[in-house]
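Undergrad: With these hints in hand, go ahead and build the complete structure from the sequences.
Now for the letters of each chain:
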Amino acid sequence: MGYPNPPTFLKDAILKALANVVDPELDRPITELGFVRDVRIGDSIEVEIVTSTYWCSPNFIYMILEDARREVSEHVRVPLDKVRVYIRGHFDESRINECISKGISFNECYKEEAWGDLGDLKKVFMDKSLRSRLYQLTVVLLRYGLNYEDIVNLRSTDVIDEGYRIVIRGGDRILEISNGVDINIVRGYINTLKRLVGDTEYLAVWSTNGDRPRVSDIRDLVEGKGRLLRLSFNLNSELCSLLLESRLSRTAL
Amino acid sequence: MIVVETPDGRRHEVFVVDYHTHIWRGDRGNWLRPWLAKGWVDCFYDYHKSLSPKEYVWDYETFLYYGTERFIRDVFVDAGVDMAVSQPAYLQYFFREPFGNTEEFGKAALAYPERFVIGTRWDPRDGEDGKKQLEHDVRRFRVRPWQMRHVKLYTAEWKDVGGSLSRGWRLDSKEAFEFLEFNKQLGIDIQVPHKGPTVWPLDKDAFDVHDVDDAATSFPDLRFVVTHIGLPRFDDFVWIGKQDKNVYAGLAVATAFIRLRPRFFGQIMAELLWWLGPDKILFGSDYALWHPKWIIEDFIKFELPKDLESEYGVDLSLEVKKKILGENAARLWGIDVESVRRAQERDDITLKYGAKPPVIKLSKEHVY
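In order, the protein sequence lines correspond to chains A and B.
At position 65 of the first sequence the residue is numbered 65 (the working numbering), and the sequence of numbers has no breaks.
Count along the second sequence from 1, add 1000, and you get the number used in the working numbering.
If you're looking for bench data, these hints aren't it; they were derived computationally from the structure.
Please note that the accuracy of each hint is not assured.
Said to hold, decoys possible - Within a straight-line C-alpha distance of at most 30 Å, the following computed BS3-like cross-link-like pairs (lysine-lysine) qualify:
#, chain 1, residue 1, chain 2, residue 2
1, B, K1204, B, K1159
2, A, K122, B, K1364
3, A, K122, B, K1159
4, B, K1361, B, K1293
5, A, K128, B, K1242
6, B, K1184, A, K225
7, B, K1204, A, K123
8, B, K1361, B, K1054
9, B, K1204, A, K194
10, B, K1361, B, K1323
11, A, K122, B, K1174
12, B, K1159, A, K111
13, B, K1174, B, K1204
14, A, K102, A, K16
15, A, K128, B, K1245
16, A, K111, B, K1038
17, B, K1306, A, K122
18, B, K1184, B, K1107
19, B, K1242, A, K123
20, B, K1306, A, K128
21, B, K1204, A, K225
22, A, K225, B, K1323
23, B, K1159, A, K102
24, B, K1204, A, K128
25, B, K1306, B, K1293
26, A, K225, B, K1242
27, A, K102, B, K1204
What the hints assert, rightly or not - Where chain B lies over chain A, by a calculated footprint (3+ residues, C-beta under 8 Å):
#, region
28, 57-66
29, 227-240
Cβ coordinates follow ideal geometry from the N, Cα and C atoms, glycine included.
TA: Printed below as a string of structure tokens:
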């Protein structure tokens, strides 16, 4: 590395990589949330992260920093030890930053206070994220005339994204979705599915294990559970944005 | 009390209980570990600043400590709150004297037991000493049936245990269950759990409310007011609130959305009314995080957006608002509203401070 004047494309590539990092509690990319405060490029890449409060849970911060480090390393193709991602203005920042830079696991970092790694915890939130988007997808597809059974049985290859419209073969029908909001919902679900699970045979997926939902599962989502999940994510995200704005308006963190 | 005047000329008296208020000690002289204490107060201040209307934003120094006098004027005189309930978090690893200032709130409760409703807290790591303190608190403050009926349970309290730092406890632990049992003996039948970050063990979700579910199921005689509607786990809380008949929704923090984010507030209310019903929701301002005056005024005038009303099939009528603002809490704490009103008419807060019911007028455009 060692660019005297780092090219814009490199910074853009780093920010693009960071856009793949989602705050698990808020279900939004850290770049949209304003958590990425600085990106510096020298002998190594340095990314400074700030969260909405001094008290954010170390476990979720750890997930964000680990993901950010890995994403930057993979997308910009630099070794992990040349990527430093750190948190500022957090009660446990020295410990977290040291552990992240050494690449050690959360469990090793917090061995007196943690029993296991963060995999199970992360999965809970990834499943919630997937289901909240499956709820949105289902509502759209019901509106276009599919029934619950049609939706559960849709295959991923039944969906063709043509850019300006999405065509879906469902049941014995062919649907054309050309409304921008609906297109974004369908695309948002598919992108989330790819990010969290990968390529799947069926479109409707219930958990990050790749399980399919039952008809009663998606009916429950539509009848209340999904709406609640989506609201919960949105509330958390809104509150964090407001708090961060207030926090940054103070001079010192 | 507040009075709501409707366009038909009727005057509706509304009894108001704010289930979540503080007189805290955030002043610099009380900072034991300054970086932690400041981190705590700064975070509170960001909550205050980000959701309050501009004219209600305090300067930082006032926010650190405001005392009983200011509390009386803001909460009882200006806002028209009838009874204010304390919810103290002690945070003794951060502050020299408890941040949740039981000493000062307690004096006020002894002087005005029909206005200030005191509860303290417990921590299972305090063991027998904690139980003795709790007994002492009941003896000292149970001057009316509604006093010392509740405790705030802050599960992310940091504590030095035998020279090492413990950063929290769980409500479903054996030690916590012993305290819950002890609460029953003392007549402390309302538990107000509040989740905070960094609760032990750290690889689990600090805000997970499922331990409340376990405790509520195991102690059906006790009532659990989950404060801040379980945020940031609103979805999980709602399920617990629906399943456990003894779990209530405490609106502190949620109410502050009403001015700047009314759509979110509407969605929260619609969800709570749909899942829990109107009898298990309690109004709270979290004063001095937010001033109850503007929240109450906005709440009285608030209408659920039509699309939410039809989507959820719920309504937020004046009758429902009266339940949320005071009737539900009065029932929960066993408050005799008529006797309280009679006592309030003769107390200093009426006679000396001049408290009288603010009048909120609804126009013809308002639906009530």
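Undergrad: Compare the structure with the hints numbered earlier in the document and write down the numbers of the violated ones, lowest to highest.
TA: 2, 6, 17
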